[in-house]
Amino acid sequence: MMTEKAEPRIGVFVCHCGHNIAGVVDVAKVVESAKSLPHVVLSTDHMFMCSDAGQQLIKDRIKEQKLNRVVVASCSPRMHEPTFRRVVEDAGLNRYLFDQVNIREHVSWCHMRQPKEATDKAIDLVRMSVARAAELESLPIKSVSVTPRTLVVGGGIAGLRASLDIADRGFEAVLVERMPELGGHVRKWTHLFPADESGEQIIAPLVRQAEHHKLVRVMKDSEVVEFGGYIGNFTAKIKNHKTGMVKEVDVGTVIVATGFEPFRPFGYYEYGQHPDIITLAELQEMTPRADLIRPSDGKKVKKLAFIGCVGSREAGKLGHEHCSRHCCSAVAKAAADLRDRVDEVVIMYQDIRTYGRGHEELHRLARSKLVIYSKFPKEKKPVVQIANGRIRITWYDVLSGDNLEYEPDLLVLASAMIPPADVAETSKMFSLTRSADGFFNPEHIKLAPLTTHTAGVMIAGAAQAAKNASESVVDASGAAAKAVGLMARGNVEIESTVSHVIPELCSSCHTCVTACPYGAIAMDTKKSPPVALVTEAKCKGCGTCAASCPSSAIIMYHSTDEQILTMVEAYLCPSTQTTGGVA
Amino acid sequence: MPAAAKPQSSRKVAARSSRTAAKPKPAAKQVAQAALVVGGGVAGMQASLDLANQGFKVYLVEKSPSIGGRMAMLDKTFPTLDCSACILTPRLSEVARHPNIKLLTYTDLEGVIGKVGNFKVRVIKRARYVKEELCAGCGACAKECPVEVPNEFDQGLGFRKAIYVGFPQSTPSTYTIDMESCIKCKRCERACERKAIDLEMEDERVEFDVGAIIIATGYRLFDVRRYYRLGYGRLPDVINAMEYERLINAAGPTQGHLIRLSDGKTPQSIGFVQCVGARDVNKGVPYCSRVCCMYGIKNAVMAKEHNPSTDVTIYYADIRAFGKGFEEFYEMARTRFGVKFLRGRAAEIIEDVRTGKLHLRAEDTETAQPQEFEHDMVVICPGIQPPDDLDKIAEKLGVAMSNDGYVDVVHRYFGPVDTKMPGIFVCGCADGPKDIPDSVTAGSAAAMKASIILAKGGAA
Chain A
11 MMTEKAEPRI GVFVCHCGHN IAGVVDVAKV VESAKSLPHV VLSTDHMFMC
61 SDAGQQLIKD RIKEQKLNRV VVASCSPRMH EPTFRRVVED AGLNRYLFDQ
111 VNIREHVSWC HMRQPKEATD KAIDLVRMSV ARAAELESLP IKSVSVTPRT
161 LVVGGGIAGL RASLDIADRG FEAVLVERMP ELGGHVRKWT HLFPADESGE
211 QIIAPLVRQA EHHKLVRVMK DSEVVEFGGY IGNFTAKIKN HKTGMVKEVD
261 VGTVIVATGF EPFRPFGYYE YGQHPDIITL AELQEMTPRA DLIRPSDGKK
311 VKKLAFIGCV GSREAGKLGH EHCSRHCCSA VAKAAADLRD RVDEVVIMYQ
361 DIRTYGRGHE ELHRLARSKL VIYSKFPKEK KPVVQIANGR IRITWYDVLS
411 GDNLEYEPDL LVLASAMIPP ADVAETSKMF SLTRSADGFF NPEHIKLAPL
461 TTHTAGVMIA GAAQAAKNAS ESVVDASGAA AKAVGLMARG NVEIESTVSH
511 VIPELCSSCH TCVTACPYGA IAMDTKKSPP VALVTEAKCK GCGTCAASCP
561 SSAIIMYHST DEQILTMVEA YLCPSTQTTG GVA
Chain B
291 MPAAAKPQSS RKVAARSSRT AAKPKPAAKQ VAQAALVVGG GVAGMQASLD
341 LANQGFKVYL VEKSPSIGGR MAMLDKTFPT LDCSACILTP RLSEVARHPN
391 IKLLTYTDLE GVIGKVGNFK VRVIKRARYV KEELCAGCGA CAKECPVEVP
441 NEFDQGLGFR KAIYVGFPQS TPSTYTIDME SCIKCKRCER ACERKAIDLE
491 MEDERVEFDV GAIIIATGYR LFDVRRYYRL GYGRLPDVIN AMEYERLINA
541 AGPTQGHLIR LSDGKTPQSI GFVQCVGARD VNKGVPYCSR VCCMYGIKNA
591 VMAKEHNPST DVTIYYADIR AFGKGFEEFY EMARTRFGVK FLRGRAAEII
641 EDVRTGKLHL RAEDTETAQP QEFEHDMVVI CPGIQPPDDL DKIAEKLGVA
691 MSNDGYVDVV HRYFGPVDTK MPGIFVCGCA DGPKDIPDSV TAGSAAAMKA
741 SIILAKGGAA
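These protein sequence lines map, in sequence, to chains A and B. The first sequence begins at 11 in our numbering and counts up by one. The second sequence begins at 291 in our numbering and counts up by one.
You can trust all of the hints, since none of them are fake.
Negatives, chain B to chain A, calculated, CB over 10 Å:
id: 1; residue: Ile403
id: 2; residue: Lys630
id: 3; residue: Asp642
Heads up, simulated SDA-like pairs for lysine to any residue below, C-alpha to C-alpha not over 20 Å straight-line:
id: 4; chain 1: A; residue 1: Lys131; chain 2: A; residue 2: Val41
id: 5; chain 1: B; residue 1: Lys630; chain 2: A; residue 2: Ala325
id: 6; chain 1: A; residue 1: Lys390; chain 2: B; residue 2: Arg624
id: 7; chain 1: B; residue 1: Lys630; chain 2: A; residue 2: Gln360
id: 8; chain 1: A; residue 1: Lys249; chain 2: A; residue 2: Pro190
id: 9; chain 1: A; residue 1: Lys438; chain 2: A; residue 2: Thr524
id: 10; chain 1: A; residue 1: Lys69; chain 2: B; residue 2: Leu424
These are computed hints drawn from the structure, not numbers from a lab. Each residue gets a CB set at the ideal place from its N, CA and C atoms; glycine is no exception.
Here chain A stands alone, though its shape is the one from the complex (with noise of 0.2 Å):
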């Protein structure tokens, strides 16, 4: 660590963020405040600090003045601190050496109605943070190897693809699957939309090009049971379940692909209590034939029933507020099919979200071949009765205002999709969080949807939310182009904000290793007595060892003590921080 010798020479640079800002905050008065703090050489200010014009600014401004701290007021430095920072390390400054005060979300927006008390805490907070910048220390600029390989989790229709497309870019992956057979659900389905394939089509030439391809290594019958390591350089033990070895395989990247499972709907519309209750998924799984049989008793279906929605859309039931995605138009796709070997389709709905490329057509062959629609309200299901063995639904129809009833020979429940039952473990073993719908976290749900907050660890198909086949095959690509990128180029840069232990000062308590919520600190054996020990990589800078080690061992680079009592202090005693500027 290097330790910046000269004295400080800070610009403050205040942003409008065209009205989002200087609409609420009086940035004249905060730029003019500004000016006499200690160090402070320049403060100024620019509509968009974050547009191309802003950056020259900055980068105009440190080399007439010869600036080595910035301070940037604008927003929150979620999204425009590593623009910033790549602003300073243009213009010849270390990244470090710059800070971002939030008077965006912190201030104009939260303190809309109040411009005056929001001018003075955006005065505030920006004193705080040239206080904080005076004491800003330059770190080195630090990167990792990337092992070009990628472990890709889940042989399904994402998990094949990815698998391909990492080998015909020409780098290995490593292909597992639980289960003794490649393909996952979609191998098991008849009426794939909105192609005419069935599932086994579209599945068998993509589990073939796998298992033939010289790149990549296809592992069945098991299971990740380990996995440790850091971007670039991941370790994952694999475990055969019907030979009950364990391999390990290094690789740099890894795509979660463990997709979905139909929820099978107890305890709704008499699910369980008829064999000829069955759901979407069942129906899919029903040996193709001439007729469409009744499970029950083998005879020809002439009146066959569908219900949506059924366990999604459900608004304050964990895990089933989510819209399924595909029920709609695999409903539609399903009626039109079966509509030919059956007499009549009933097809009771809320909304008919059929939005896809093709899907909106399937709905409307559904309609031409006479399926009946009916939708019924959201505050009031059908209801299901079993009566001498008969199925029986009643249910009020929204558009005619009818109450309506039938006798389906089958009657189909578009069930919705959820995660996996062993998520959790997923989620904990690659360290991903999960959302309300239960599947995992993108790192941005808009501009970042296949990478997670574990770097280097990317997410595709219905392991990140609830949707069809073909669109998982878009995602597969997308995640295998993430891993590419990250195997090219061959390494990869890491923060420097980690944490330190000072082994003069640790007492080899432990308490560290056990507050790491990511597994980053062990005990260096090698030391007598053993001290922790910060793998650099794995830490994501949160600061909770230092909290709580009883030896002040522990420093965080770029949030130091004496960086944060600064701020502290300059929040506190204003009056002794406005003796000017530097001459």
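The hints should help you fit chain B onto chain A, whose structure is shown.
For chain B alone, kept in the frame of chain A given last:
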């Protein structure tokens, strides 16, 4: 049978790709280690970054003066209400700064010859009359310019000068002179300290070789004037959703004040009309536009955020809240924000000339009653269509189109981002409507497929 490939052709594709996988061709040295991406919206930017991050050179061609596409115009994004410009701007800088990406803005595709692995591309860099390498985007020129014209970026609701950037985060930040409006007074030339203005500048032809091409040309909004009875274009307080985005945007023409265009008053009651130019066979748009339900709900929620006492109603056919977090957002709009939902397509909007109010006629299909509702403002939520010039671009590239004017893909499973021309891929809305995450995902997927070609030498 949907618009996807016929089973026969798909089998052919499957067979071909399995053959290639079994016998990869030796890396051919003559494969150009570069790619062309046509379109600098969110999908094209993602495709460019994912290729550039693998070490390949990317030529990103964008016809407008800045990258960013439609997403740059949006105020907030569903379902998290993230500020669109705030999450997009780092992406713009990342693309502009990437050493492997050559950004060609204000540039048109002129022609492409050759085949997979070896395309020769010609583009025309239109004259901006401002030198990109000298302009620092300071804006001193625009201050001096005496000509004001409607700003396309603000949907014509605000004004820009004849020398302009469409929006503050414009990337590159280079100014552009719109010669159709310029009166050649040369005030800008005198104002520019860096001598960046060159009124004699001419269009420039640029040629380069690439191994693969990605089409990411985006979409245009359905022209809602085609529904004459909805009054758009005739009634000033009937606006379209993109105009609404600019009206509620803090950097927009009203600095984020939601006002009626007729009298500048704050609307107390707003109606949102869904499925206009979508799911309508008669207007030649039989498909669902996929984003309108959610952006409609988002805009309705934003109306409540701007003014919680506003009465907000959405007129819909089906609410298609199908993506991650969408249904939950829809539920929140109903219960927490009190947005009203009425199932029924708007039939007609008329203006009460005495009160200035709009009367929206629709059948409430849940009661089967035709009804009339009063609003201060109505926002029409148009569907998505292929961009105007997509057919010309497709012709230059030789890729097949489907009946509805989008680029056709090989197969929804075996080639969802592959056009029928080997070596040319497609992502974003160029092959059909998509929301932002789906466009980004497709951008990454297209980059993956293109990179296989660049790395292997022509294997498709």
